[in-house]
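Could you put together the complete structure from these sequences and hints?
Residue numbers (my numbering), protein chains in the order written: chain B, 1 to 112; chain W, 113 to 227.
Among the hints, erroneous ones may be present.
In silico PhoX-like links for lysine-lysine, alpha-carbon gap of 25 Å or less [said to hold, decoys possible]:
1. B:111 x W:153
2. B:26 x B:70
3. B:70 x B:56
4. W:126 x W:178
5. B:26 x W:153
6. W:126 x W:153
No wet-lab data here; the hints were simulated from the structure.
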Amino acid sequence: SQQGEEDPQALSIQEGENATMNCSYKTSINNLQWYRQNSGRGLVHLILIRSNEREKHSGRLRVTLDTSKKSSSLLITASRAADTASYFCATVPYNQGGKLIFGQGTELSVKP
Amino acid sequence: GAVVSQHPSRVICKSGTSVKIECRSLDFQATTMFWYRQFPKQSLMLMATSNEGSKATYEQGVEKDKFLINHASLTLSTLTVTSAHPEDSSFYICSARSGSTDTQYFGPGTRLTVL
Chain B
1 SQQGEEDPQA LSIQEGENAT MNCSYKTSIN NLQWYRQNSG RGLVHLILIR
51 SNEREKHSGR LRVTLDTSKK SSSLLITASR AADTASYFCA TVPYNQGGKL
101 IFGQGTELSV KP
Chain W
113 GAVVSQHPSR VICKSGTSVK IECRSLDFQA TTMFWYRQFP KQSLMLMATS
163 NEGSKATYEQ GVEKDKFLIN HASLTLSTLT VTSAHPEDSS FYICSARSGS
213 TDTQYFGPGT RLTVL
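The following block contains the structure:
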């Protein structure tokens, strides 16, 4: 029961540029999380933003949340080749036992 | 930080056999564990939620008799793919959560190939 949609599906940029990924969801949420996955590997938790928060920063990452539009964005500033990976948003729907529902993901390629 | 392990990391089996995948929380007690499946180039799909000592809750469309989940202790959950077929080939990932915290800790995944 995937509920998140992400765009773009794929993004290719040069090292040093910023990368922005967007995520939309359908139901009320407790929080929204962003994950990174390198090819064929497990997930790395990047950042969690609660439903009562609008913006959060962590290093080169900036996440925004607009609950009225049911959307979130992840901005990676000054990208590096090592940022090349798939990025997924995941929501924790309200009152559903804490399960995570993942978006379709954005495949980011950062060229050196 | 909290660590979750999965075993095996990779398994190849013949069609019709059963495969068991273990998910362990190494340094915390996981009251809830989640099982996901990921096909190539796709996102993670939640298969089921298991709470220690009770029956797993399966997502719509997931056959509970085919994907047997056991969460017998606070540090171990197992997923058994019964009578595996080539279409069951996938990347299976577990996650674990302690209490009612927001954070799930993910295992490294198990790649299953059914010949």
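Starting from residue 126 of chain W, check that the Cα of residue 178 of chain W is at most 25 Å away, please.
holds (16 Å)
Regarding the pair residue 26 of chain B and residue 70 of chain B, is the alpha-carbon distance no greater than 25 Å?
holds (7 Å)
Hint check: residue 111 of chain B vs residue 153 of chain W, CA-CA at most 25 Å. Holds or violated?
Measuring from Cα to Cα gives roughly 20 Å; hence the hint holds.
Straight-line Cα separation of residue 26 of chain B and residue 153 of chain W no greater than 25 Å?
At roughly 23 Å apart (the allowed maximum being 25 Å), residue 153 of chain W and residue 26 of chain B satisfy the hint.
Keeping to a limit of 25 Å between CA atoms, is the pair of residue 70 of chain B and residue 56 of chain B held or broken?
holds (16 Å)
Regarding the pair residue 126 of chain W and residue 153 of chain W, is the alpha-carbon distance no greater than 25 Å?
At roughly 24 Å apart (the allowed maximum being 25 Å), residue 153 of chain W and residue 126 of chain W satisfy the hint.
Going through the hint list in order, the structure satisfies each hint without exception.
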